[in-house]
Each structure stands twice: as C-alpha cells, then as structure tokens.
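**Student:** Listed below, chain by chain, are the residues.
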Amino acid sequence: MFEKSLYDLIRGLRNHKGSEREYISESIKECRKEIRSNDMDLKSTALMKLTYLEMFGHDMSWASFNVLEVMSSPKYRHKRTGYLAAVQSFRRDTEVLMLAENQLKKDISSPTPTVISLPLGAIPHVINPSMANSVLSDLLPRLTHSHAAIRKKTVVTLYRLALVYPETLRPAWPKIKERLQDDNEDPSVTAAIVNVVCELGWRRPQDFLPLAPRLFDLLVEGGNNWMAIKLIKLFATLTPLEPRLIKKLLPPLTKIIRETSAMSLLYECINGIIQGGILEAVEGTTEGEEVAKLCVGKLRGMMVIEGDANLKYVALLAFDKIVRSHPFFVSQQQDVILECIDDPDISIRMRALDLVVGMVNSDNLTAIVGRLMRQLRNAPVVSPADDPMIDRARMTEVVPYAGSDESDAEESLRPHEQRSDQPPPLPEDYRVNVIRRILDMCSRDTYSNISDFEWYIDVLIQLVRVSPATKAATTMEEEDDSEQPDDVGRAIGRELRNVTVRVRSVRSEAVDAAQSLVLVDKRDQMFPASGNGGQGVLEYAGWLVGEYASYLTKPEPVMTSLLHSSSLQLPSRTLAVYLQAFPKVFASIASNDQISWTPERKTLMSLLMSRIIYFLEPLSTHPNLEVQERAVEYLELMRLAAEAASGTETGAEHGEFTDPPLLLTQAIPALFSGAELNPVAPGAQRKVPVPDDLDLDTPINPNLQTLLSQAELEGFETDEDDVYAAYTEPIASYTGPPTTTSAAERLDVPHKEPASYQNATEEEYLDPDILARRKAERRERYKDDPFYIDPEADKGSGAVTPLGRIVREGNVEVDIDSIPIMDLDLENRAHPSSSEDLSRTRSPRRAPRRVEIIGDETLGPEEPSSSSREDIISPRLHSQTRPKKSLLEVDSSGLGSLSLDDDETSGRKLTKLDIERREQEEAEMKKALAEVERLRLEMQRASERLEAKGEAVVKKKKKKVRKAEMEGELEGNADANTAPAIVEGEAAPAKKKKKKKAKPEGAGAEEGEKADGEPEGAVKKKKKKRRTVVMDEGVPVAEE
Amino acid sequence: MINAVLVFNNAGQPRLTKFYTQLETSVQQRLISEIFTLVSNRPNSACNFLPLPPLLANSSKSSTPTTPHNDTPSLVTYRHYATLYFIIISTSTESPLALLDLIQVFVQALDGLFENVCELDLIFNFETLHATLGELIVGGVVVETQLDKVIEGVKAQGTVAKRPVNEGKSGMSFGGFGRGDGVWAGR
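Protein chains in written order, with numbering that gives the first Met the number 0: chain A, 0 to 1039; chain B, 0 to 186.
In isolation and in its complexed conformation, chain B is listed as follows:
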C-alpha cells in the first residue's frame, strides 16, 4: 500500500503532505527534509527510485525472505516536474513502474483541472490539491486511475478556483511536462 504522498518544490518547501499513518508533525518534517536531501542531489538522468531515507532505513532490514511482502515501506518513487517533486512512499505490494504512472495521472489531473497548472496554482488551491489526491488514493489504496473520473470527482465537489489573476499568467507550465521557463520562480 501507499504510505505517504509528498509534493515539494526545488527548494524543499512542501506543497502537499499526506501521510496514511498518524505521524508527529516534527517527524513528518524530518522525513520530508531527508527525502529532499536525497532527491535534490540526483541528476536528471538518474532513475526515479530513491534509496530509503535514514528515518525509514533502520527498520527495513528486518524483512524476512520467507514472505514476499510485508508492511514495511520499502519503495520511494519520485518524479520531477518543472519546479516540483512528487514523491510516493509505498510497500512492496505496489508496482514501482505503476507508481510512476500514477504520479503522471495525478499531475495530468491537476493540469486538466487548472489548465496549464503551475506551482502557484497548487500553492493557492491546496484544498483542491488534496481533493484531487483524495480521488486517486484513499487510505493508502489506489481507488481510481482513470484521468477523466478523477477530474470528474474533483469537479463534483465544487468549482475549481483558477489562480489569482494578479499573480501573473506566466506560470511555469506542466503542460508539456517538460522543464519550465522559470519566469515566476525568480520573482
């Protein structure tokens, strides 16, 4: 199952934190910064799987070879879009490649909701961000993977606010899922 979904930007500032277990706030922050340290040192060509951060690594050794699965989070998957990192921490029952696709669906859904989504949209509409995640994953289990149904589910909860007008239109686009132009980030 999925243990946590995190989104933070290139500077390590969280944009979304969702832990599917109850965790002390300070521990959450430590985990985020550990993962950020790991992820920010990786070149673009590197694979999208992280070694376990120290906080999680200590206890993962106890996995017994007799059972193929256990409850221990063992997989940290990430994707980097423009200014944001999307991270999923999961156990071995999830498929690593499928998780990468799941992140892609998440981002595409956000893109569909915000039209050319950028980090700013997510900052100012973090409730919608949570709602979108809530349509994809409930309690650590994936409930939906079809893009249109996710978007439909979020829209059913009310209108999705666009980014504030005076915050500038030159958003860093995820549209092509490429590297953005960095206009607003420098402001």
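Extracted from the complex, chain A is given alone in its bound form:
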C-alpha cells in the first residue's frame, strides 16, 4: 500500500465524483492507520489530510493525541501541521489539552521566531483558565522580543488570555502600556495594541482615560487608517466619561471628515461623533450646528451615491443611531430613507425598516405604512422550493462532499437564481418583521399617530391576507402549551380588538371587519390563498363578534359560521373563544322581548338551540380543559333553554302578544350584559384592595380529596379512548376550500410598480374589495360636504362639487339663503401666524377628526415601574428572553470586574462571582489532574507493551522520553494547582494580596530562584531534571 499525500487526497476526491462518501471513509481509514505510524512524516501527512477533511465536517477529535505528537516534533514543518490541526480540531472538552500546555510553553520560548509564532497563534483557540496562568510567564518576555511580528502577536495572545482568566491582565497590562507609550515602537505593534485596547476599552472605559493623550497623538499623527478607525471607536466610548475630550477631538475629526480619501475612515469619524455623544455635547453652538450639518450631509451623500449599496447600508446604520436623539436630522432625509424600504437588497431593507419605525409621525404614517403594505402585497409568496429551511437541509447533504468537482455544482444551480424579473420573494421572517413593525408604528403611544381609524382597520384586514403561514405546529398538544409568540395573526387580532375596545367611534366598522373574518363563506377571500397564515386573528375576531354582538349586521350567518364544522378543527385557544362567543350572539338574536312568541319564532329558536347543542355535545369531552369546561357549561345552559322554549306555549295565530320565555329574554342576556369592558392598565389589578372578609384558607369543599379520587376511579373506565384519540390525532389545519383560480389566471395578475414614489396610493396596497368599500364609505361621508369632489360621480363632465353642480344646473333656483353662513370671527384667532396651525386648518379634509381613544383604566396614581408586574405571569416569555450566549460569542464579561488600577487591588473583596469561578477552576483542575493521571498510566502501559515486544531501542527511548515528559507535566500541574488551592481556604484579604503577587512568579517556574516554601522548590527541581531528559533527545529548547 502506498501513502497518499494531501495532494493525492484532493485529486482523488475530485476524481471520485458521485462516490465521495466511500472515498472519504476509505481515506479516513487509511489515515487512522498512518497516524499510528512511527514515521513522523507519515504521521503528519495523515494529520494534514484529516485536518483538510475536518473542514467538511468529518470529525477528527479521536486524533487529538496524535495532534499532540506531531506538535512536539522537532521539525518546523511537522510542528506547523500539528498546530494547525490543534487549532482546527481542539474543542473545550478535548482531553489532551492539559498535555499540550508544556509543549506550548516550550515553543513560546523557542529561539526561532517562526516557531514562536505557532503557539502564539494557537493559544487563543485552545486556552483555558488553568493554562492561562501557567503560560503567562512565558508570554510576558515575548513582549520585548526583537521581532515586531512576535511582539504584536504576543499582545493579542495576552488579550485572549485575559478573556479566559482576567487576573492575567494585571501583570501584562503595564508591559503592554509600555509598548504603546514607546514612540519608537514598530507601527504594526502599536496598531495591534490599539486594536486590543479598543476591545478592552468598551468594557472598562474609565481605566483607559489616562491613555487618552497618547491615543490622541496617534490619531493626529495619522498615517494608518486602520488604526485611526479603531482610535475613533475607542474615543467614542471615552468621551461620555470625559467631556473635555470632545473639544479636543472635534478639530481633528472634522479635519479627517473633510480631507480623508478613505471612505471607511470618513464613515467611522461620523459614526464616532454620533456614538460618542459629541453631537449632543456641542448642540446649540454654531460649531455644533456646523458639525451636525457636515455629518448629516455626508451621510446623505452616502445614501444617494449611485451604485454603492454598502455605503447606503452603513449610512442607514448611522442614521439608526441618531434617530432617537435627533429625529429632526433623520426626518430631513426621509425621502432617501423611504426609498431604501423598497430596495431590492434585503439587508438594506431591514436596516431601513428599523430606521423608519423610529421616525414615524402622524404626517408620514400613512405613506410609510402604504409603502410597506404594497411590498407585502406585490411580492410573490415564498414557494416551498425557495424555502430556506429546505434549502438548508439540502445543503447539509451536499457540503460534506465538497472537494467534489464544481461542474456538477454548476448543473444543480437552484432554479430561483434565474428568475430575476419578478420582485424577489420575501423571506418569511422578513414578512413577519414588516407586519410587526407596521403594527408597532400604528399603535405607538396609544395610536397617537393615527387620525383615520377606518383606514387602520382596513390595513389590519389587508395584513391578514398577506400574513405568512405559521410553522406547522398543528397537533393538539403543541398548541395547548406553545403559545406561538411569533404568530402574527394573533398580533393583528390583538390590534383589531384594541381598536374596537378603545375607539368607540369606529366600533361598528371594526366589528364589521371581525364579522367578515369570522364568516366561513368569506374565508378564502379574507385569508391568504395558501397556508394557514393569519388564522390567529380568529381568536380575537371571535371574541369581538361575541362581545359586540349588538353591532353585528348579520348575526345569523355569524352564528352559522361559529357553529360550522370547520370550527372544530381550530386551535383549542380559538375554539375556547368561539365557545364563549356564540352564547352571546345567541343572546342577541333570541332576547328580543318585543316580538311575540309565535310558532315560527318558537321553531326557529328550537332549531338554533338544537344546532348549538349538536355542536357542543362532542366538545364536552375535548382534551383541552378550557374548551371542555366551557362546552359543558353552555351545553347545560342550552338544554335548559331548549326545555324552556319548548315548554312555553305559543300565542294564538292572530296577533295576540305572548311573552317569550323569560330564560331567553332575560336570564341568558343578563349573563353577558352588565358593565361595559374597558381597557385596564397592566398594574391596576394589583391595586385592588383585598377585601377584609376574604377567606382563602377555608376549604371550599372539605371532601375534595375523596371526591377527586372517586372521580378518578369512575371516570376513566368508560370508553373514552377513541374520543380522546379523535382529538389528539393531528388534524390538518383548516385552510379553506382549495382556490379555484386557474394557474393561468394567477400568472397574469399585474403587479405594477408604483407610478409615484412620493406617496403610495391606496390602490397599490389594499385589495379591490376593501377599496370598493372604502370608496362607498367615503361617498357616504362626504355626501353632504359641498366641497367634496367625487372622482366617480360624473366622469364625463369633469369633477364638480355638489355646490358647483347646483350652480351649473341653471334651471334650479339657487337658494342662496340655504347656504350656511359662517361668522367670521377674527378676534378669536389669536395665533394665526403659527405656520403649522395654518397648514392644518387650510384644507378642511386634513383637519384631524377628533377621535376619542379610551386609555387604560387604573386605580390610584400611575406607577412608573409598570414593567415589574407581579400579577402578570409570563413564564414563556421568560424562557424566550433569557439572555443566551450567542454561538460565536467570546465572552469578555470577566473583564468588566477587573480593575487595572493597582491601588484598588488590596481592598478588593472576593465577589460571589469570583468565588464561583474559583470553585469552578478548582473542580476543573481536579478533573484535569485525574485525566493526566489516567493518560500517564495509559502511556506507561503502552510503553511496557512496546518493551515487551522488544522493539528497536530507539523507539523505546522515545517512548520513555515521552513518559518522562508526561511526568514532568504532571508535576508542573500539581504545583500550579497547589497555589490556588491553598489560597482557597484563606479568606483574609491580606493573604490574598500576597498570593496575587506570588502567583505570576510561581508560575515562572523556569527561573527557579523563588524563596518560597521548601517542598515546592523541591518539586521544581525535580521537574527541571525531567526536562533535561527531553533535551538529551536533541530537541532545541531554550532554557532561560
């Protein structure tokens, strides 16, 4: 068998198109064999191949020990391969990590710069807290290495050390600072330090204020744009702490903005001015105005520059940061920003969307919402083929075989890349995002931006039609507990309910909307044609038609829809709401006591009630408790009512009034009428005083336990299993009858781009039927408005106002007196000069209609801290918002508590966090020690086996050496461990300080001249002796 090089492997992969899987597993098998070989060349080649395959997702964690072997090879070429493999494959749980420590320490101390670079690059990837302390002493001298390349890498490596073990920064920081202050330092090193300081800076800006003069000089000197960017970013975090910096910074920053040729630097200057709060600080001065104008002007320039989407994107980012503090600046740029909402690039759209939400006001709300709605309506719905989820599934199948030839990848180019004439299908999360933002914008500050609530209701209805399908979670159990917080249908429903309850003047319109949503025969018209999008709105629409049943225009069809068989398949939440709704509707139908109890009425009522009973009966065994309980309740009520109805004699045929049964006219309606429901402030419930006579301790039924156990015994004997099964089996959610439009018809729906970019007209975002209704309403409303020009009244003769028509039709006598005359009351107009007033009063149509919006009801004064509501339980929300560490996140929070001020150290107390961390480290150390011991034994056994085999002497020696090394390692770890372990027991701060001083030295075992405890010194000597064994082998190790 011959050995493959990496080159052979790659070529082989390319030649085994279609059978990569077999080829790869074959290759890995070979590598497993080769990596065990004693030939270091073969070993390292095999490792290289494994590292290459790891890139495609082939696990190589099993080879971690071999990685270590190759790392320890004296040859640089092998070492490099080993280190690369370690970086790429070592994970947090890699067992041999402890063993790598010695190797790292050794290579850091190597005389060859290229060798030093290897551990410097690898340490950030593999470091853990216990190792950090130990390699620190080897790293620190490297800060003064003669090669700039080593110095700059060391700085960064020290930073990563501090991330896992913040205490290491204490000895390192003075030395890093020294490098930074050195004017003769290589500019590359200075730049690297600035980079590190920038990373450290935002955690503890106060520690870096003393450096400000030096940093300022570096900024003014200029030369390196990269460094300048970082410096500006750093200053932006410093200025809030030191306002005097602002005055100093402003001249150089404006100078850079005016002069630099680098767009990135220009942008970061503006960004720094924004983020550092410089705009606020200089506000009001002429200088400040100038700066603001300059920044906003440049940002605008970035927005409008032709063909550079990147600048557009970053400018939006910058605007986003000032929109809260300076909404005025941003709204000046409204035109260019709004343009971005329709940008073909989804990244830019998202940014623009964020921004637009911040700059909305009552004047532009309609236009902005219109634009967004048009987008939702006109973009094609994502088809399953485009669904990124499916795409992803495909990709994970494909990727591991990378290395296969590219030609087949080209053949399988996905089809959607060819469709470019259509607007791109909007990803679902984007759709959801847009809908949420629209609701957000409209409902802000209890609808302060909305003047036309009818428009808003229409928008809501239209939103239901464009909402994306919710993730298919339709099994009963899941719906019961998963609240599906991302269901936009419910969010829309909440809005509809809110408007109905809060705005009395549009209540009938809103109930009308709810009614049309509930009606089954309208369902395919009101909801998206495919998928179950928007179904969540039914929960709220159902509540509305019940609560405001008296507003219903067609109560009977609503009743029919509520009782429709498809309702049974609704999610149980919605079903429970429906169950509550139909008795209310029924009450409004049946309660009229002015109409005589005629035989027809009796029959009708009986029929209706028997239908209700028929609907309810199966639900009384529904698995959802809420549904079950309500069903049982109303079932009994309806049976009672049906009895009463059949028992009441009808009146005589000829017009004699007979009273309908009281149960129908009085009792049932009384259940639901009473006080009107008003919005209640979130904290109000808590303020209700507890009545003195409320006794919560006395059991309601002392025999509850026995009753329950009895029920348990009896209850489940009956044959309920198949009933239960019928409900628990997943049912396909109701999606309405299949659409009947032919494919061809669907194809030629014209999606025209808007004619005007200034204002989206309603035609572009509302569906025709909604528009027709709007028009009719409008006509009705302005029927008596003499100034209203009806666009459709008489198209031939040009638009005329009613007044004009009267004048034109000369034959009619104009009754001048009938024209109302307004008194010109000039005195009362006190401030006619206010331009805003004028513009508002000028056009009568724009005059905002007084809409009364009911606020939240509460008891007593409003509490400012309504966010901490104890009465509202939201367990699901908690699990959602629990701060989770992001996937790639490097946690630097440990640095937050580390002060670099030396004076503070002595007085510092152990925080709880510290103690916890210590304990954790200790545990880790213990585990690691056990691990080392285990490995050592393993090695020992292995070497014994080798000896037994009587292998060549050289090999035996090698093994022995490794064993020796291992033992040295063990010792090293042991004494590294003793130090913290001792300190752990002592709580006195004075001793702690001592430990802190001792630690770095203690870790500097090489020096060996420490006059600490005797036994420790002995261990060190022993360790040193062991080391020399290694040196005998001819490994170039530099002992200091």
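Just so you know, these hints were derived from the structure itself, not from any lab.
Among the clues, some could well be false.
[Unchecked claim] For lysine to aspartate or glutamate, the following EDC-like pairs were computed, each having C-alpha atoms within a straight-line distance of at most 20 Å: (1) A/Lys74 <-> B/Glu126; (2) A/Lys176 <-> A/Glu220; (3) B/Lys148 <-> A/Glu184; (4) A/Lys3 <-> B/Glu126.
[Unchecked claim] To give an idea of the chain B side of the interface with chain A (calculated C-beta under 7 Å), a few residues: (5) Pro13; (6) Asn43; (7) Pro50; (8) Pro72; (9) Leu74; (10) Ser94; (11) Gly111; (12) Glu114; (13) Gly138.
All C-beta atoms in this analysis are idealised placements derived from N, C-alpha and C, irrespective of residue type, glycine included.
Following the hints, put chain B in place on chain A, whose structure we already have.
**Tutor:** Then chain B, alone, in the frame of chain A:
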C-alpha cells in the same frame, strides 16, 4: 472582534474555516451552510452585509441600548471574488467598511503569494491559506493590515508552493479581482 473567517466557493464547499471560538464541528457546518444560503441568493449589486443567519440571530436581540458594544456577533460581511466567497463574522467593535478592505488585503496577499491566485491554489495549499490568515488575524484581533508585511510573514515560514503543474494553468484569476473565465471550474 472578529468571530470567524470563512471561505467557500460558489457551490458552498468550504475552502477555509476559522472560528475564533471553540465550536462543534457539526455546528460549524450548519453555520456555513446557513451563510451560504444567505449569500448565494444575493444579486451582485447588493451590499456586502448579510442579515444574521438563524443560528446567530436568536440571541442577538438581547443587546442593550445602554452600551454601544457587546460581545454578540452582529455583523456578517462578505466579498465575492470569482468562484469564492470570503466571509467575516464580527462584533460591533469592527468597522464594516474596514472589514471589506481587510478581505481585500487578504485576497491581495494571497495573490501576491501565489501569483495570479485561483481557487485551485487555495485548495491544494490550504496550509498556506491558514498561514496567511494567521498573519492578518490572531485570535480574532487584526494584527497586520499592511500587504507587504503579511506576505513577508508568510514567506518567512517557508517556501510557498505553487499550484501543481498538471492541474492546469488556466486558473481563474483573481488578478484583476474581476469575474473569472470559468475554464477550470467546468472541468
């Protein structure tokens, strides 16, 4: 800081993966494919910043407005050269436009090392590819941005192998940083 550097080709096959945190191999692969899905659907005229892939998006919402920065990766920057996508994932302490320039420096350095670099060079010399990145970025922090110093640093580690002779000379050139001719990719 920089959280990850990725290079993959037009078919989503990785050419370089470097994560500056320790991450399960399977998660790495998922992240790569998520980013590839995002990036491959973008037209050439689109900007070079990606929305966060689902794997990263969940936790990014927790950013508090009080601090301008945090540890959460929030920026995915990419550049497309001929057959390859270069991706950098970073936190907010990096400048988006500067990252684009950094990718450019990376590619120019590779071009300087390989003379008319093409995807094939990177496939067969992926150790050199890693070495080049190692001169630019250490542990997620940029250590060098000057082209000549990067090249010098890589060359100091040993000779850079040219692409194998029999793999064809008609490499897809990054030289002009334009769209290549696609000769070898079709083979």
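**Student:** Next step is simple, just say for each hint if it's right about the structure.
**Tutor:** Against the structure, the hints:
1. In summary, the hint linking A/Lys74 to B/Glu126 is supported, as the alpha carbons are separated by about 16 Å, within the 20 Å threshold.
2. Simply put, A/Lys176 and A/Glu220 have alpha-carbon atoms about 19 Å apart, close enough for the 20 Å limit, and the pair holds.
3. A C-alpha spacing of about 16 Å is found between B/Lys148 and A/Glu184, which places the hinted pair at or below 20 Å, so the restraint holds.
4. Between A/Lys3 and B/Glu126 the CA atoms are separated by roughly 17 Å; this keeps the pair inside 20 Å, and the hint holds.
5. The restraint placing B/Pro13 at the interface with chain A holds, with a minimum CB-CB distance near 5 Å, inside the 7 Å limit.
6. The closest approach between the C-beta of B/Asn43 and any C-beta of chain A is roughly 10 Å, which is over the 7 Å cut-off, so the hint fails.
7. Taking 7 Å as the C-beta contact cut-off toward chain A, the hint placing B/Pro50 at the interface holds, the least distance being around 6 Å.
8. Interface hint at B/Pro72: satisfied, since its Cβ lies 5 Å from the closest Cβ of chain A, which is below the 7 Å cut-off.
9. The beta carbon of B/Leu74 is not positioned within 7 Å of any beta carbon in chain A (closest approach about 9 Å), and the interface hint is therefore violated.
10. Hint status for B/Ser94: holds, given a least beta-carbon distance of 5 Å to chain A, under 7 Å.
11. Using the Cβ-Cβ criterion of 7 Å, the hint placing B/Gly111 at the interface with chain A is not satisfied: the shortest such distance is roughly 17 Å.
12. Interface restraint check for B/Glu114: the shortest CB-CB distance to chain A comes to about 19 Å, outside 7 Å, so the restraint is violated.
13. At its closest, the beta carbon of B/Gly138 sits 3 Å from a beta carbon of chain A; the interface hint therefore holds under the 7 Å criterion.
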